[in-house]
Amino acid sequence: MKSSKTIKYSRTKALLWTIAKYLVVIIIAVVPLIPIWTMILWLFMQSFSSKVIMGILPSGLTLNNWRFLWSSLKMGLKEYPNIWPITFNTLALALGVSGLVVFVSVLGGYALSRMEFKGRTPLMEFIIALHAFPSIILLIALFVILNKLGLYGKGFMTLVGIMLIKAGLEIPMATWIIKGFFDAIPWDIEWAALVDGCSRWRAWRSVILPQVLPGIGAISIFSFLSGWSEFILVFTYVKNEAYYTLPVLIYHMIGEYKFIDWGLLSALGLFFTIPTLIFFSTSQKLLLRIYVGGIKR
Amino acid sequence: MVKVTLENVTKIFGKVVAVNNLNLEVRDGEFVALLGPSGCGKTTTLLMVAGIYKPTKGKIYFDEHDVTNLPPKDRNIGMVFQSYALYPHMTVYQNIAFPLRLKKVPKNEIDRKVREIAKLLRIDNLLNRKPAQLSGGQQQRVALGRALAKEPDVLLLDEPLSNLDAKLRVLMRAELKRLQKELGITTIYVTHDQVEAMSMADRIAVMNAGKLQQYAKPEALYNKPANIFVAGFIGNPPMNFIEGSVYAKNGEYFFDNGEFKIKLEKELGEIIASKTTEVIMGFRPEHVKISLTNVPNSVEGVVYVVEPLGRDIVVNVKVGSIVVKILASPDLNLESGQKIWLMFDQRKLHFFNKISGTSLLV
Chain H
1 MKSSKTIKYS RTKALLWTIA KYLVVIIIAV VPLIPIWTMI LWLFMQSFSS KVIMGILPSG
61 LTLNNWRFLW SSLKMGLKEY PNIWPITFNT LALALGVSGL VVFVSVLGGY ALSRMEFKGR
121 TPLMEFIIAL HAFPSIILLI ALFVILNKLG LYGKGFMTLV GIMLIKAGLE IPMATWIIKG
181 FFDAIPWDIE WAALVDGCSR WRAWRSVILP QVLPGIGAIS IFSFLSGWSE FILVFTYVKN
241 EAYYTLPVLI YHMIGEYKFI DWGLLSALGL FFTIPTLIFF STSQKLLLRI YVGGIKR
Chain E
298 MVKVTLENVT KIFGKVVAVN NLNLEVRDGE FVALLGPSGC GKTTTLLMVA GIYKPTKGKI
358 YFDEHDVTNL PPKDRNIGMV FQSYALYPHM TVYQNIAFPL RLKKVPKNEI DRKVREIAKL
418 LRIDNLLNRK PAQLSGGQQQ RVALGRALAK EPDVLLLDEP LSNLDAKLRV LMRAELKRLQ
478 KELGITTIYV THDQVEAMSM ADRIAVMNAG KLQQYAKPEA LYNKPANIFV AGFIGNPPMN
538 FIEGSVYAKN GEYFFDNGEF KIKLEKELGE IIASKTTEVI MGFRPEHVKI SLTNVPNSVE
598 GVVYVVEPLG RDIVVNVKVG SIVVKILASP DLNLESGQKI WLMFDQRKLH FFNKISGTSL
658 LV
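Protein sequence lines, in the order shown, are assigned to chains H and E.
The first sequence begins at 1 in my numbering and counts up by one.
The second sequence begins at 298 in my numbering and counts up by one.
One should not assume that every hint holds.
[Claimed, not checked] In silico BS3-like pairs for lysine-lysine, Cα to Cα no more than 25 Å straight-line:
| id | chain 1 | residue 1 | chain 2 | residue 2 |
| --- | --- | --- | --- | --- |
| 1 | E | Lys351 | H | Lys118 |
| 2 | E | Lys404 | E | Lys351 |
| 3 | E | Lys400 | H | Lys118 |
| 4 | E | Lys427 | E | Lys404 |
| 5 | E | Lys400 | E | Lys546 |
| 6 | E | Lys521 | E | Lys572 |
| 7 | E | Lys354 | H | Lys118 |
| 8 | E | Lys514 | E | Lys546 |
| 9 | E | Lys558 | E | Lys427 |
[What the hints assert, rightly or not] Chain E stretches covered by chain H per the calculated footprint, using a threshold of three residues with CB under 8 Å from any CB of chain H:
| id | segment |
| --- | --- |
| 10 | 373-379 |
| 11 | 383-390 |
| 12 | 636-643 |
[To be verified] What follows is a list of derived Cβ distance ranges for each label pair:
| id | chain 1 | residue 1 | chain 2 | residue 2 | range |
| --- | --- | --- | --- | --- | --- |
| 13 | H | Pro186 | E | Phe551 | 21 to 29 Å |
| 14 | H | Pro32 | E | Ser432 | 57 to 65 Å |
| 15 | E | Glu479 | H | Pro186 | 53 to 61 Å |
| 16 | E | Val467 | H | Ile278 | 52 to 60 Å |
| 17 | E | Leu465 | H | Ile177 | 55 to 63 Å |
FYI, nobody ran anything at the bench for these hints, they're computed from the structure.
Built from N, CA and C at the ideal position, the CB exists for glycine as well.
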């Protein structure tokens with residue numbers, strides 16, 4: 001009898017302990033999310049309603065705030081037919097950055113991971129040091145360079161120039177990330193490909209590359225988003241409104257009016273975050289999927 | 298099929314000499330094992346034959362062709378890695394077909410060959426799986442299938458059985474041997490397991506610290522080891538070694554280690570004494586008989602501990618200050634502390650030079 005009592009007692013204790021653990025988890029994980037979710041909720045509610053009560057309760061559903069998708073959008077003296085030309089600029093910049101970063105860092109990361117050459121370690125340290133400079137302190141020097149290259153004030157070519165700058169700033173970190181993915185592939189697999197009849201290039205393309213796809217996914221997403229949300233470079237170098245990107249447009253929406261159309265602004269903000277949402281919801285699986293090699297681990 | 302010849306092959310990594318002046322000839326259709334402890338240079342040797350490493354010095358020939366500087370893809374070799382190195386993003390079918398696709402074999406031909414190989418290795422029901430969904434034994438077969446699919450001139454196996462469980466390993470040993478004889482492919486097999494090497498290979502090259510110790514048939518390695526390393530490496534339980542000296546007294550030859558002495562047969566004693574006096578005597582656990590009574594020319598000892606193995610027992614016997622291992626029948630009913638006498642089979646004693654470690658009898 002006595003022993004069954006002790007068991008019951010320890011069971012209650014274990015239950016209490018479990019509840020306590022969950023409580024701690026909830027406090028740590030959920031509470032910090034509340035302000036973030038509030039902001040997102042605000043953005044969402046605001047953009048779809050004609051009026052909000054207490055800043056969050058919607059009243060009157062409307063699509064009026066989203067009119068920039070089909071009708072003209074006024075910004076200062078400039079009037080756009082709709083949002084799409086600017087979206088195209090932003091997309092071109094982001095995709096360009098992403099493409100350049102993936103191309104260079106996948107080749108560079110492989111070389112740093114797999115090839116022995118003089119000065120490899122110092123080079124790697126130098127690469128990481130490059131990342132220490134934020135673009136804002138490079139603005140003046142970069143302006144001179146852009147000017148010399150004849151890319152300043154040349155409309156779309158200026159965006160190409162910014163693409164190059166942005167890619168240059170992203171490549172060091174991306175190369176490091178992708179190098180880690182290459183490091184994780186055993187030499188055996190590459191050797192097996194060579195023995196099976198591949199040239200080094202073919203082995204890289206058919207055997208090594210498919211296994212770093214999650215890594216390529218990661219760096220392409222990160223560099224796309226960094227290009228998509230780039231503000232200071234576009235704001236500084238692009239003077240022609242036709243080649244503005246979304247972040248600069250949003251800035252001007254706030255900056256140039258005494259009266260701010262909060263509904264329009266939040267709809268624009270939500271529109272701006274759509275690619276991010278798409279990317280993260282579709283690529284989660286890709287990022288988590290890491291191939292496992294021959295031996296079960 | 299081809300003959301593989303290594304001529305004065307040396308490989309140096311930085312300051313480490315991984316393979317030191319290796320000469321080896323593998324005959325057409327022969328199954329040769331490279332045997333040695335970890336880090337002895339056997340895998341490096343294999344990778345040089347594969348063309349993945351270039352020798353620092355020396356040449357490698359396939360038949361009469363110098364392949365030393367030929368890239369792996371032009372050597373027509375098949376290789377199975379210790380980790381199997383299957384391509385994780387391809388199915389079993391694609392893995393086996395990959396070398397054929399690279400050779401630009403027509404599609405229907407590839408299909409026929411893959412199915413044929415898969416059937417031979419009994420993996421034809423797994424063709425649509427990914428490597429991660431296979432057991433170790435199945436992965437091993439797929440790796441073998443991929444190596445065999447392109448009908449290589451030379452098959453290189455790098456410890457292919459070491460990741461399998463003990464039972465499967467014994468099964469695959471026989472399977473591999475049969476397959477090799479059936480296909481008649483010149484095969485080089487790297488292993489650190491002497492049982493694998495002894496049971497499968499036509500000839501074994503024993504390596505240690507980058508150097509070839511002995512290259513001979515399994516029986517020769519067992520019966521006539523060239524040096525103390527080979528003697529100690531081949532055989533399980535390992536050979537016992539006792540230091541001592543050999544001298545002649547009144548026309549009779551003795552081995553004396555200070556605590557006991559045994560009389561040697563005249564022929565044996567003459568050969569040894571003509572070369573040196575300071576020796577190491579070696580004898581295998583299975584070549585000593587245990588007597589419960591004192592007999593002439595035997596060595597007295599005390600049973601230290603008995604390890605039963607089922608069919609046999611390993612008796613650890615304390616002779617003077619050293620412990621030797623003797624293989625005996627379980628019928629003896631020996632107990633710790635019991636006094637026994639060891640009788641040596643003189644034809645199966647080995648003597649090595651104490652300084653150089655080379656055999657005095659070969």
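Hints and how they fare:
no., hint, result
1, E:Lys351 with H:Lys118, "holds (19 Å)"
2, E:Lys404 with E:Lys351, "violated (34 Å)"
3, E:Lys400 with H:Lys118, "violated (35 Å)"
4, E:Lys427 with E:Lys404, "holds (21 Å)"
5, E:Lys400 with E:Lys546, "violated (73 Å)"
6, E:Lys521 with E:Lys572, "holds (17 Å)"
7, E:Lys354 with H:Lys118, "holds (23 Å)"
8, E:Lys514 with E:Lys546, "violated (38 Å)"
9, E:Lys558 with E:Lys427, "violated (64 Å)"
10, 373-379, "holds (count 5)"
11, 383-390, "holds (count 4)"
12, 636-643, "violated (count 0)"
13, H:Pro186 with E:Phe551: 21 to 29 Å, "violated (57 Å)"
14, H:Pro32 with E:Ser432: 57 to 65 Å, "violated (45 Å)"
15, E:Glu479 with H:Pro186: 53 to 61 Å, "violated (31 Å)"
16, E:Val467 with H:Ile278: 52 to 60 Å, "holds (55 Å)"
17, E:Leu465 with H:Ile177: 55 to 63 Å, "violated (40 Å)"
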